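**Student:** Chain by chain, the residues run as shown.
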Amino acid sequence: MLKINLHLIEYAINSLLRSKTKSIFITTIFTLLVFLLTSIFFISNSIKYELNSTVDSLPQIIVQNIKGGKSYDIKTNIVDDIINIPGVSDAIPRVWGYYFFENAGVNFSLVGINSYETQYKNSFNELIENYDLEEDSMIVGSGVKKLLEQNYYKNYFNFIKPDGDFKKLNIGGTFNGDTQLESNDLIIMSIENAREIFDMSKSKATDISVKVDNPIEIPMISSKIKSMYPNTRVITNSDLKVSYQNIFDYKSGIFLALFAICLFTFFIIIYDKSSGLSSEEKKEIGILKAIGWTVDDVLKEKFVEGAIVSIFAYLLGVIFAFIFVYILQAPILRNIFEGYSILRTTFELPFVLDLQTLSLVFFLSVPVYIAATIIPSWRTATLDADEVIR
Amino acid sequence: MLLSPEVLTLQILNIIFLVFVTVSLFLSIRIFFKWDINATTKEQYKLEKQSFLAATIIKYILAIKLPLFLFFIFTLDKLSISLTGAMCAAGVVDATQFGTYLFILKIINIYLFGFWLIIHNIDIKNEKLPYTKIKFGFFIFIFFIFITEVIVEYLMFDAINIDQMVSCCGTLYSSSATSLISNIFILDTKILLVLFYGLFMSLFISYKFKLQYIFSISNFLFLIISIVSLISFFGTYIYELPTHHCPFCFLQKEYYYVGYFIYTLLFIGTFFGFVASGTNPTDKNIEKYYKISIIFSFLYLVLVSAYPIIFYIKNGVWL
Amino acid sequence: MIELKNITKIYDLNINNKVTALNDINLKFNEGELIVLKGSSGSGKSTILSLVAALSKPTMGEVIVDNKRISKLPDNFASLYRRENIGFIFQKYNLIPTLSVKENILLPLVPNNPNEDECNSKLNIVLEQFNISNKKDTIVKNLSGGEQQRVAISRALINNPKIIIADEPTANLDEKLSLDFIDMLRQLKSQNKTIVVATHDPLFFNLDFVDKVIEIKNGNII
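Protein chains in written order, with my numbering: chain A, 1 to 390; chain B, 391 to 709; chain C, 710 to 931.
No wet-lab data here; the hints were simulated from the structure.
Given the structure is predicted, the values throughout are model-derived calculations rather than measurements.
Where is the CB? At the ideal position from N, CA and C, for every residue including glycine.
It cannot be assumed that every hint is accurate.
Subject to a maximum C-alpha distance of 16 Å in a straight line, what follows is the list of computed EDC-like cross-link-like pairs (lysine to aspartate or glutamate) [to be verified]:
1) 468/B / 354/A
2) 811/C / 846/C
3) 777/C / 517/B
4) 850/C / 793/C
Every beta carbon over 12 Å from chain B, so not counted as near; a handful from chain A, in silico [what the hints assert, rightly or not]:
5) 44
6) 70
7) 84
8) 90
9) 99
10) 204
11) 238
12) 239
13) 255
14) 263
15) 295
16) 357
17) 359
18) 377
19) 384
Some chain B residues judged to face chain C by a derived CB distance under 10 Å, without partners named [said to hold, decoys possible]:
20) 420
21) 424
22) 428
23) 519
24) 548
25) 552
26) 554
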């Protein structure tokens, strides 16, 4: 039905090259727009992916004690009741929290491990086998080690307890966590040391992690726990995933709202540039019509020009974004997204290729561009030929 | 939910469409009332120029709307992850009172814009431009349907609440449901299949013997029966599950996105069927429209029939 | 064959400023004639050309070519009429300098999306007729004035039109090139083409093969 008109394409390319400055200007702006959009999406996709991987390694159900909307320490005696729920394979009280290291202005995640029990995380089991959590030592993530060294703590660290005293712990070893996010702020110590640093009594824990035999039963079991203990908050790992997704979409959404403004500007610029016809260009259209081109033919040619520019600029923008984000690791831009983390992380953005992202950027850029060129192209095509030739 | 990037993209494009379609509306009204092909006034020449603009805008909107519709379905599919209970786009469509209407409106608009373009192409081939007034009057009508779609789309996305449980396609499309859709299952499958294949035969025969009225009725019924039989019978063979009737799930990756092919073939086949039904029999293009319609409807038939047949060959029994 | 009936053409430069380019004129050209429209610039002769080519529409009156009212044709049809029936030779050639000879000549055919064979057969006819076959792939801006002139004429003739329209064709040419051009016109006349030339170059006024010389002044025929 539609035979591709190579002659027309050739003419269009030549026409674009004839008005070089205008073509280059438009292509550059378009490429810039696509580049920015794609980079932002690539970064957020990668971080989302990284975060989702983290979530998968978290416990399936977490039970927290809620008072006045905030989480407080939970009594450990409910562990036995929870284990008795059919379908629950294990319930482990966790002692963990954040410790603010003032000199560096960062938070560490402190996790207390009871060496003699099974851990809620498999990697912790490995750590216990490889390192000995003696009385006064801790194991730190590689990122933490680096940070401590930068602050002149080479072999040990002094935690400041809530009552003002110091707690000194030696650095017994360094590990690389399951994901980079973990290794950068995680410190593992014995449960007693953690309790001491957080001033938590033995009958309490930060929360309780629950393991379930059959993942399909997670929603049922969490509602059971909730009905048994109404003043708890029961979080499943799919809840976490959804909330992360929403945070990201919200953050991306804000940017998109900003981009809507950028798009509008883009539209105006393209409209303006396309409208401004030099007398040269007007004469050319006049000649085309005089030698027999119809208005539809001129419109078609203008459309082909637009298609060439937009496809070229789109591809260029995507390629540049790819290089910027995955090879150069997106300097500056990624900081916008890193507010979620507690520590300034320096992890590598994993490569995530998403067809939906690419089509999203396509729909945000190309139709807007074409829309901006409709009226200028029409004006050009309907020029009165005779007035232009005289 | 309103702020998901995909949703925002859809809304931004809708705004652009809105602006342009309003421009087209003003032009259409002007042309509808003042067009006089025999006049030699400046006014008339200006109108002739403006008719190009209106036509270009409508072409643009349709050209973007087609892939955008696929993107829309993609978006619904993605949203289904965030809505509890939804496993595919069906759940998202059902999440609000607007979902089904929006879906139908979008499809109707694609058909309407398509028809407009066909009329336009016929019109400009004739020196007298005989259908200009009619086509722009028709556009005024399309404008209101389109505006309705944009408004409903905004309302739908605004109303989606992630905390609300929605039904999965399993409950929506089962024979025990009490919705409109469940009425589909009242019909015996055998009767449906007879109708389905029978209607296609009717299409083919009326094409061969150029019986335009019979063709147009058959084409319309074929569209309806195709969708019903797809939900009720053929879909189950795509899923290889006698209870899975959802018309959206097979758009997903697990089924190789076959849904997009199925619906595209059906759309093109029936769309050109409508066009052929409405074309003047003396127009030489009518042969082309008939052919495209029959070919694509046939391809659709083959594609959906392939699933039960292959299932039977592999397993030796029907579901 | 070409008839202008009661043609009036008024240009609106702005609300208060109207220019009457042609005032109720009547003209008839027969097939195969070479007509010279004589008059100074602004006299209206260029307007007659654009009316015959359906490039503009008359304010009043009709233009009829081969019994067809081309003045009433909508834009797309007017352009098609032009493509098939008119060969336009402009004052300054108006070739596209960055394209080759071949591409310039084929320009009127581009919207038709012709296949290679059709292109080549039509191309070779005009290239040979005007002796520029060897320059087929040269970029136009690298050609001499005379060669460009021949490219311009070739382009006008690529569709083998019945009517040739030339607007001040020799205005920018020296005497030699002007005479070359007149020779080519002679050639075209022998092919039974209808030729309308608008010019104030006296070289045209006393040619033996000119059928009619029509003088236009201030929009009226003298």
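**Student:** Output the indices of the hints that this structure fails to meet, ascending.
**Tutor:** 4, 5, 11, 12, 13, 14, 15, 16, 17, 18, 19, 20, 21, 24, 25, 26
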